[in-house]
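Here is how the chains run, residue by residue.
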Amino acid sequence: MLAVNNIYKSIGEKSVLNGISLNIEKGKFYSLLGPNGAGKTTTINIVTSLLRPDKGEVHINGINIFDKNQDIKYHIGVVPQEIALYDDLTAWQNLMFWGSSYKLSQAELNKNAQYYLHIFGLEDRKNNKVKTFSGGMKRRLNIACGLLHRPKLVLMDEPTVGIDPQSRNNIYDALEKLKNQEITILYTTHYMQEAERFSDCIGIIDEGKIIAQGSLDELRKASGINDEITIVIKNKPHHIPHYNIAYYTEGNSLHFNTESAKNDLPKIISFCLENNLEIEQIEIKKVNLENIFLKLTGKKLRDK
Amino acid sequence: MISVIKKDLIMFFNDKKALALSLLLPIALITLFVFAFGGLNKRSDMPPLKMGLYANDTTEETVKNMITQLYQLNTLEIIRADSATLIQKIKKGNIAGVLILANRDNAHLFIEDALQKNESSIIKSIISPIIFKSSGAKKMRSEINKALEKEFGLDVNDSSFISIQGKIEKNLEAGLNNTNHTILQTQVINTTEGINTQLVHAVAGTVIMCLLFSLTGMAASLLEEKEKGTLRRLMLRPGGINNIFFAKYFASVIIGCFQLIVLFLFANLTFSLPLYNHLLQLSITGIAIALCCASFALFIASFCYTRKQVESVSTLIVLIMSALGGSMMPTFIMPELMQKMSVFTVNYWGVQSFYDIYLREHSWSLYLQKIVVLLTIATILLIISRYWVRKNIFKII
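Protein chains in written order, with our numbering: chain A, 1 to 304; chain B, 1001 to 1397.
Think of the hints as simulated: they come from the structure by calculation, not from any bench. Check each hint, because a few of them may be wrong.
[What the hints assert, rightly or not] Negatives, chain A to chain B, calculated, CB over 10 Å:
{"#": "1", "residue": "P35"}
{"#": "2", "residue": "I76"}
{"#": "3", "residue": "E82"}
{"#": "4", "residue": "I83"}
{"#": "5", "residue": "I233"}
{"#": "6", "residue": "E290"}
[As the list claims (entries may be wrong)] Quick list of in silico lysine-lysine cross-link-like pairs, DSS-like style, CA-CA up to 30 Å:
{"#": "7", "chain 1": "B", "residue 1": "K1391", "chain 2": "A", "residue 2": "K55"}
{"#": "8", "chain 1": "A", "residue 1": "K131", "chain 2": "B", "residue 2": "K1064"}
{"#": "9", "chain 1": "B", "residue 1": "K1016", "chain 2": "B", "residue 2": "K1340"}
{"#": "10", "chain 1": "B", "residue 1": "K1064", "chain 2": "B", "residue 2": "K1050"}
{"#": "11", "chain 1": "B", "residue 1": "K1150", "chain 2": "A", "residue 2": "K152"}
{"#": "12", "chain 1": "B", "residue 1": "K1170", "chain 2": "A", "residue 2": "K209"}
{"#": "13", "chain 1": "A", "residue 1": "K131", "chain 2": "B", "residue 2": "K1226"}
{"#": "14", "chain 1": "B", "residue 1": "K1150", "chain 2": "B", "residue 2": "K1170"}
{"#": "15", "chain 1": "A", "residue 1": "K267", "chain 2": "A", "residue 2": "K14"}
{"#": "16", "chain 1": "B", "residue 1": "K1167", "chain 2": "A", "residue 2": "K177"}
{"#": "17", "chain 1": "A", "residue 1": "K285", "chain 2": "A", "residue 2": "K267"}
{"#": "18", "chain 1": "B", "residue 1": "K1395", "chain 2": "A", "residue 2": "K55"}
{"#": "19", "chain 1": "A", "residue 1": "K131", "chain 2": "B", "residue 2": "K1092"}
{"#": "20", "chain 1": "B", "residue 1": "K1016", "chain 2": "B", "residue 2": "K1050"}
{"#": "21", "chain 1": "B", "residue 1": "K1226", "chain 2": "A", "residue 2": "K152"}
{"#": "22", "chain 1": "B", "residue 1": "K1133", "chain 2": "B", "residue 2": "K1050"}
A virtual CB, placed ideally from N, CA and C, is assigned to each residue, including glycine.
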């Protein structure tokens, strides 16, 4: 669906993108994770043809977007990072305006607007001016405006920044629905749990390069970080038996490193019981995206 | 493009406060300028100027005649009092000058207020012919008699002297009274048939100035959209940046035309400014001015980076242009250099084209020349602003 091939972009003297390549198959959810200034928004600007790369190509459905950038816009939906709405217009007027350039019939536009107002829980407020909305409601409407023409490819640039948990959950529900509709999504975020929850593929971008990409499992393997299971036992044993899962002791605790805590936990419990180790407490630290990100980039993301 | 124009118009008419201000402020200014320039009268005749008059001896025939003739002038309001009272009135600024009529062969005295030089000059020019016809002619006779006596050696009691003197006086009298021998004749053109020139000036000048202000605000919304992120989103829609640029332009033109219609209707209803006899010319001029003001507004916005910059820069430039271009005061009372500079302003050509419609009796071709100038200014400013808007405002990074 979307193929970005070896994109380079410099702004002034500064090199912003240094050979970005990514492929998103139809109906997949791709999250682009990276710290501030990593090149996420520049990548989105290039994919939407607002910026031309110095080198490299972008294809959507096999069409070079810079050859037919006006045609391709009909198939892309963009949800910008800013709340790009008109405060003095009502929610309905905003939807009608943003949906009006996509060759939709009025009936179709009305139907889609009603649908997304429903999905984002804004039906009751459709005739209210946007300036009366809360930040979360504006965010939800901001997303709805990008989806009105039912695009095949949706680009979302940090759409959940700075909103209340209720609105965030509403957006997550909407994202689930979009995934089920086989819409291809390129999503940038600072929230690891969003990327973990929805992504079929995650790309980690830093200093204009994608340093790793793949599913969460693939990234974990690439990073070399394992799940950690800690067993606290009542009395420290005199003899520590050998076991085929690597572990080390620290006081009354046994620390196990495992590729899958879920698979290995029963085996470890059996091992403890067999060796008369009385279990007092079990602690599991699963590998998450944050650990992987930290390991791969040496940096923390802005938000957790 | 139509959806962006529609959106801008909805936003303009939705904002009731801004809409009211964009109409009420010009209405208040028009009213103020109409009062200030004396545009309330049907015609633009000046009110009579006040002149003090004192004559020591009113029994003398010449003085009597002069007073009668002075009272017949409808451009002067004569105030009679003793000289001390009249001088006090000058000092208080109540009258611009006092004419003190002398006895016999003495010179008359005109006392003028240094602070009202213009008014006193006008009064002097009004009363000069009367003074010349009476006292001047008398003086001239006396000089002729002296010349006859001195140059030709004629005795005053000589019959030939009396005969020559009689003939000269008779011809002089006839010459002074014969209008067929007037040295300077006056022919009036550009008769305005009851239209007050000050009213036309106040309405035209103010409307153009207010249009420049309000449309600059509209153009500044382009920068506001950039700051808020809606411009980027607009650029992501199919259509391209020309669509956005020209949609903004035409939305401004429509709003400009709307303001012109409302303000001229106000002037028609309140001050009886004629509209319906000149509807075609007014429509053409209105559209040309709206196009020109919208281009100017985009031109100002294209050089700025924030809405606040546009507001401060445009206030300065529009005020200077309005002062130079004749929106605030007629250009003919300005120094020559400023008059020359005024042709570089939108206001000048706008005001002149309204003068053509209401006050001047010349052909369509001369009127259309001003429209062509307005359209040329509009096109040049639009081309420059299109270039700079792309460089400054539509730039993503």
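These are the hints, each one checked on the structure:
1. P35: Correct as stated: the minimum Cβ-Cβ distance to chain B is 19 Å, above 10 Å.
2. I76: violated, 8 Å
3. E82: Contrary to the label, E82 (chain A) does not stay out of reach of chain B, its closest Cβ about 3 Å off (not over 10 Å).
4. I83: At roughly 7 Å from the nearest Cβ of chain B, I83 (chain A) sits no farther out than 10 Å, so the non-interface label is violated.
5. I233: holds, 57 Å
6. E290: holds, 29 Å
7. B:K1391 - A:K55: Distance of about 22 Å is within 30 Å: holds.
8. A:K131 - B:K1064: Violated, at roughly 81 Å.
9. B:K1016 - B:K1340: violated, 41 Å
10. B:K1064 - B:K1050: Since the Cα atoms of K1064 (chain B) and K1050 (chain B) sit roughly 20 Å apart, the hinted pair holds (cutoff 30 Å).
11. B:K1150 - A:K152: With a Cα-Cα distance of about 116 Å, the restraint between K1150 (chain B) and K152 (chain A) is violated, given a limit of 30 Å.
12. B:K1170 - A:K209: Measuring from Cα to Cα gives roughly 112 Å; hence the hint is violated.
13. A:K131 - B:K1226: holds, 18 Å
14. B:K1150 - B:K1170: Given that 30 Å is the threshold and the Cα spacing comes to 21 Å, the pair holds.
15. A:K267 - A:K14: violated, 53 Å
16. B:K1167 - A:K177: violated, 118 Å
17. A:K285 - A:K267: The hint holds at about 17 Å.
18. B:K1395 - A:K55: Within the cut-off at roughly 19 Å; holds.
19. A:K131 - B:K1092: violated, 60 Å
20. B:K1016 - B:K1050: Not OK: K1016 (chain B) and K1050 (chain B) at ~48 Å, beyond 30 Å, violated.
21. B:K1226 - A:K152: holds, 27 Å
22. B:K1133 - B:K1050: Holds - the C-alpha atoms of K1050 (chain B) and K1133 (chain B) are around 22 Å apart, at most 30 Å.
Comparing the model with each numbered hint stated earlier shows that hints 2, 3, 4, 8, 9, 11, 12, 15, 16, 19 and 20 do not hold.
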